[in-house]
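S.K.: Sequence:
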Amino acid sequence: MARSLLLLLGLVVPLLAACGQPQATAPAPAAETRPSGTPTAAASTSAAAAAVVFRVVPDQSEARYRVREQLAALQFPSDAVGRTKAISGTVAFAADGSIVSSASKLTVDLTTLQSNEQRRDNFIKSNTLEVSRYPTAEFVPREARGLPWPLPASGEATFQLVGDMTIHGTTRPVTWDVTAKFAGDQVTGTATTSFKFGDFNMQVPRVAVVLSVEDNIRLEVDFTFARIAT
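The sequence shown stops at residue 229 when you use numbering that gives the first Met the number 0, and every number in between is there.
Quick caveat, the hints were computed from the structure, so don't treat them as lab data. There may be inaccurate statements among the hints.
Stated by the list, open to error - Listed below are the simulated BS3-like cross-link pairs for lysine-lysine, each with C-alpha atoms no more than 25 Å apart in a straight line:
1. K195 with K124
2. K195 with K104
3. K84 with K124
4. K180 with K84
5. K180 with K195
6. K104 with K180
What the hints assert, rightly or not - Just the calculated beta-carbon pair ranges, DEER-fashion:
7. N215 with A102: 26 to 34 Å
8. D58 with E137: 15 to 23 Å
9. R141 with P57: 47 to 55 Å
10. A85 with E116: 13 to 21 Å
11. R205 with R144: 20 to 28 Å
12. Q74 with T229: 54 to 62 Å
13. Q74 with S193: 24 to 32 Å
14. D78 with D58: 21 to 29 Å
15. R132 with A207: 18 to 26 Å
16. A182 with R205: 23 to 31 Å
17. T169 with Q74: 53 to 61 Å
The C-beta atom is built at its ideal place from N, Cα and C for all residues, glycine as well.
Build out the structure end to end from the sequences listed, making use of the hints.
M.R.: Here it is in structure tokens:
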């Protein structure tokens, strides 16, 4: 009996001693490391951000429409021209010269268009453009074809500005022919494009004093852009 008790104690004492020992701490998992050449999501976002941004200078810019018409009181056709300086917006470029469309948009307030004939203005605003429903025209540039990059500090360049224009509630791709002059942080020039009334679901104007109107609208913009800090 005594011998059995001694054997039992011989088994229990080492077990209790083992339980009383502090447990070894498992090593913490190694921190995940990224190769220095692998961009993070934040770096990717930063790379896509605009590097160069230009803003319209409204008091040095003007948007115009030009439509050929034949008035009853005149022997020869002439151009009806409406104009406004209510232009706003920016054009942003990435570091590689591509346009950052999400940060680029140009807007014209159509309610401010004026020509040399108030009756024409009233008709076009009310019936053709329907400015009470569609008060603005918007252009979102997506590509500048032939634009030199980096932008020159001086000189002149011709290129095409391609993007989506929204007029009268309709959005269509449009290409502008642009001539620009560069002078430091300022860019000036002229952009033109043309389209038919029906392209934007507009009716050709029909007014009693006007015998005919060509189904072609020419848009012209004299612009000044100033570079802003990014």
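S.K.: Is the distance from the Cβ of Q74 to the Cβ of S193 consistent with 24 to 32 Å?
M.R.: About 25 Å separates the Cβ atoms of Q74 and S193, which means 24 to 32 Å holds.
S.K.: Falls inside 54 to 62 Å, the C-beta gap from Q74 to T229?
M.R.: For Q74 and T229 the Cβ distance comes to about 55 Å; the hint holds.
S.K.: Using the Cβ atoms, figure out if R132 sits within 18 to 26 Å of A207.
M.R.: This hint holds: roughly 25 Å between Cβ atoms.
S.K.: Please work out if K195 and K124 have their alpha carbons no farther apart than 25 Å.
M.R.: holds (17 Å)
S.K.: Honestly, do A182 and R205 meet the 23 to 31 Å range at C-beta?
M.R.: The hinted range 23 to 31 Å is violated for A182 and R205, with Cβ atoms some 45 Å apart.
S.K.: Within 21 to 29 Å or not, the Cβ separation of D78 and D58?
M.R.: For D58 against D78, whose Cβ atoms are near 25 Å apart, the range 21 to 29 Å holds.
S.K.: Would you say the C-beta atoms of N215 and A102 sit inside 26 to 34 Å of each other?
M.R.: holds (32 Å)
S.K.: Look at the Cβ atoms of R141 and P57 and judge whether their distance stays inside 47 to 55 Å.
M.R.: violated (23 Å)
S.K.: Mind checking the hinted window 53 to 61 Å against the Cβ distance between T169 and Q74?
M.R.: violated (36 Å)
S.K.: Quickly compare the C-alpha distance for K180 and K84 to 25 Å and report which way the hint goes.
M.R.: holds (20 Å)
S.K.: That 15 to 23 Å hint for D58 and E137 (C-beta), does it hold up?
M.R.: Cβ of D58 to Cβ of E137: about 21 Å, so the range 15 to 23 Å holds.
S.K.: K104 and K180: Cα distance at most 25 Å?
M.R.: Holds - the C-alpha atoms of K180 and K104 are around 21 Å apart, at most 25 Å.
The structure shown violates the earlier hints numbered 5, 9, 11, 16 and 17.
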